[in-house]
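The two chains are supplied separately, each in an independent frame; assemble them into the complex guided by the hints.
From first to last, the protein sequence lines are chains W and R. Following my numbering, the numbering of the first sequence begins with 176 at its first residue and continues without gaps. Following my numbering, the numbering of the second sequence begins with 3 at its first residue and continues without gaps.
It is possible that part of the hints are untrue.
Below, computed lysine-lysine pairings styled on DSS-like, alpha-carbon distance capped at 30 angstroms [what the hints assert, rightly or not]:
| no. | chain 1 | residue 1 | chain 2 | residue 2 |
| --- | --- | --- | --- | --- |
| 1 | W | K403 | W | K322 |
| 2 | R | K48 | W | K241 |
| 3 | R | K48 | R | K110 |
| 4 | W | K245 | R | K48 |
| 5 | W | K226 | R | K110 |
| 6 | W | K226 | R | K99 |
| 7 | W | K226 | R | K164 |
| 8 | W | K285 | W | K322 |
| 9 | R | K99 | R | K164 |
| 10 | W | K198 | W | K285 |
| 11 | R | K99 | R | K110 |
| 12 | W | K316 | W | K285 |
| 13 | W | K403 | W | K316 |
| 14 | W | K226 | W | K198 |
Hints are computed from structural coordinates only; laboratory data are not their basis.
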Amino acid sequence: MNCEEVDHLLDAYLDRELQAGQKVLLEQHLSGCPACQSLVWEFQEFRSFFKANAPVYPAPPQLRAKILTKLRRKGVKRRDTFFRQPWVYAAAMLILGMCLLTALLPDQGKALTTQAVRRYIESLSTGRLVDIASDDPQALKPWFVEKINFAPPVADLLASRYTLLGGRTDLIQNRSVAALVYRYDSRIVTLFCWPPTHEQLATGNHSIEGCNAYTWSSAECNYIVVSKLDQRELDAFVDAIRDRAEYENSGS
Amino acid sequence: MQERKLPVEELLLPHLDGAYNLARWITESDADAQIVVEEVYAQASKQEFGQEDARVRLLTIVRNRAYTWIRQHSGHSSPKDREESAGQSPPPLSGNKRTRDLHIALSKLAVELREILVLSEIEGWSYTQLASALDLPMTGVTSRLRQARLRLRQEIAEAQRKGLPE
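In isolation and in its complexed conformation, chain R is listed as follows (with noise of 0.2 angstroms):
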């Protein structure tokens, strides 16, 4: 019981990156998300935090803050800027076409579904934890990630189609 007391920083540095990255997905900007993130270290840093769930938790506000963010500051990026950063700025492999038609895909998913996507997939959250975070029943959980599969195969599907002259 006693050994999970870490330094504060040591608990919540290590989730940076994975902070910053679900910030920037819910955001769809590197300033807002940065803005987000730091706001929500500042927070974070005068809880107390446990080592096991630490990601999970501070990810979830993470999450919760970037929602505020957008609903706040909704209009503040058009859908038009959304596809340009999501078309130019994704990093490495954006060579390849059917990377960037995932990634203009994923632009013009809801925040809702772009957003369990993330936590599913790139940070391998269980129902249990979605559920928990994104305030939604298990079935809920379900079928918003099926939804969201489908949606984001659809999008691939049409921007495919768009872009065939390329």
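The following block holds chain W by itself, in its conformation from the complex (with noise of 0.2 angstroms):
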């Protein structure tokens, strides 16, 4: 190893960054050779003065203050964070539902009530008002049951001046439901139910196509009231229809 080698490695040797054999090398070389021995001597002189003097610098208090807040709160958080996961995650799941119950099904029980608005114009129109003329449970509902395998609540309602005409099966959206109709004075007023089964229907008023509907939903049946009466004989009807279905629930 000649002097411009050594000059060449020197940086890499006082780094201890130089391989074994180059080492043994330079080494031998230093031996035989005062100008690089005094070159090793000056470059950790100057070494150790670099290292002595060159500027370092602190990080400013206020630089370590705003990196500690940081870093604690987002600690906190994560700890947070991740306790509440689950809650999250159920409270995620309940909004998601309350959207589902408050936006979805409104329209689709509109839509739904629209088409029994339809039907019920349409059964006025034709004069085909009921399939089955009777006013007698125990014959409608087995009717039903063939028809539709469905088995609607039916409710002799003349205590209160509604009219039981009888009943027929119709399509509402694909749905088969049972078709309950009563007369009121000269009035129709068709009670449409059928299974729960696809949704429960929200309780309501509409007002469509001229005609007042109520819709409403039991365990056990979803109802579309829809009719000609004003919004009070309606209510009045719904509230004699419930109160029967309650009884007849009771009853059983």
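Here is the structure:
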């Protein structure tokens, strides 16, 4: 190894990064070369001077404080989030569910109600009000079971001046529904009902195409009443049906 | 394997001085270095750090962010500003003439040379660590370090020559 090569390798040597083989060669050269020895000394001196005097800037206290606050806040937040995660998911599900109920079902309910109103108007104009003319629940129920495999709650409301004319089956958005037809004075009230397998109707009033409709649902049945009754009369009819349905349920 | 799960503040805070110092060396500005370090800590606190490599990894992020910063803000501080700040602000030992010359010389070095000096001489990084952090081959590390020391000594000699009347 000559002086030039030593000059090239001296930094790595002093950094203790020289490969073993080269280190041996370099040290062999150094032992016999005063010029290179003084170069080593010079390099070393410069390094220690540099280390002692190169500016080292400590982090300003305000920076430290700022970062500390942020890290701590983040740490707390993380732990918080960790513990709350199941609840966050539960809450998300709840909100999703509520969105479905409030946003989706009313639309669905509205569509179903609109169809029910059309069926009602159709039945008035074609005169096909009932397929089975009877006011006897014992006759109506088996008839419906046979037709659509569903027994609607049939209420005899004679006491409340509603005359049960009979029943028919109908289709509302591809659902086979039972339609019970009542007369109040000279006006027809039709109660559509079907099992709540696909949806539960929200309770509400609808005024569609000149008819008043009222929707609600129970565990056994979705109900849409369509009529030309005014709001108050319709409410009274719904109350009567509901009372009767409850009576029936508690009776059976 | 399990014991390395330290909270991020305990892992990263001990290296704040080193992080700031490196950013300060690269950006040559206190304000810029503070911004860089703050950003890096915000970013790093979302990552997983092992206890052993936290410092090297953190400083590597600081280094890269500081580079991006000076690239985005080039012209932000003129060489003259730098010279002044290098001449006036260095801490403790600024009274000594040779030390002042060192600071001036440092401020005149290219940023890559300043950076490798601080990482090697102050941080004491090995060539392997330097190669990985600076994305250089080992031979590149050797030659850049050599160049940095050479240039620094030339600049000091220059500063000494200029400053003779003092």
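Inset, instruction - With a cut-off of 30 angstroms on the C-alpha distance, tell me whether K226 (chain W) and K164 (chain R) pass. - result: holds (24 angstroms)
Inset, instruction - Sort out whether K241 (chain W) lies within 30 angstroms of K48 (chain R), counting only the CA atoms. - result: Between K48 (chain R) and K241 (chain W) the Cα gap is close to 17 angstroms, so the pair holds against 30 angstroms.
Legend entry - Pair hint K99 (chain R) and K110 (chain R), alpha-carbon separation not exceeding 30 angstroms: Status holds; Cα separation ~17 angstroms.
Inset, instruction - With a cut-off of 30 angstroms on the C-alpha distance, tell me whether K403 (chain W) and K316 (chain W) pass. - result: holds (26 angstroms)
Inset, instruction - Measure nothing beyond the straight line between the CA atoms of K316 (chain W) and K285 (chain W); if it is 30 angstroms or shorter, mark the hint as holding. - result: At roughly 28 angstroms apart (the allowed maximum being 30 angstroms), K285 (chain W) and K316 (chain W) satisfy the hint.
Inset, instruction - For the pair supplied as a hint, K285 (chain W) and K322 (chain W), confirm whether the alpha-carbon distance does not exceed 30 angstroms. - result: holds (26 angstroms)
Legend entry - Restraint check for K48 (chain R) with K110 (chain R), where alpha carbons must lie at most 30 angstroms apart: At roughly 36 angstroms apart (the allowed maximum being 30 angstroms), K110 (chain R) and K48 (chain R) break the hint.
Legend entry - Satisfaction of hint between K322 (chain W) and K403 (chain W), Cα-Cα up to 30 angstroms: Roughly 28 angstroms separates the two Cα atoms, so the pair holds.
Inset, instruction - Assess, step by step, whether the Cα of K226 (chain W) is no farther than 30 angstroms from the Cα of K99 (chain R), and give holds or violated. - result: With Cα atoms ~16 angstroms apart, K226 (chain W) and K99 (chain R) stay inside 30 angstroms; holds.
Inset, instruction - Take a quick look at whether K198 (chain W) and K285 (chain W) sit within 30 angstroms of each other, Cα to Cα. - result: Given pair K198 (chain W), K285 (chain W) is violated - Cα atoms ~90 angstroms apart, limit 30 angstroms.
Legend entry - Given hint K164 (chain R) paired with K99 (chain R) - CA-CA distance at most 30 angstroms: The given pair, whose Cα atoms are some 12 angstroms apart, holds under the 30 angstroms limit.
Legend entry - Distance restraint between K226 (chain W) and K110 (chain R), which requires alpha-carbon spacing of 30 angstroms or less: The given pair, whose Cα atoms are some 18 angstroms apart, holds under the 30 angstroms limit.
In summary, the numbered hints that this structure violates are 3 and 10.
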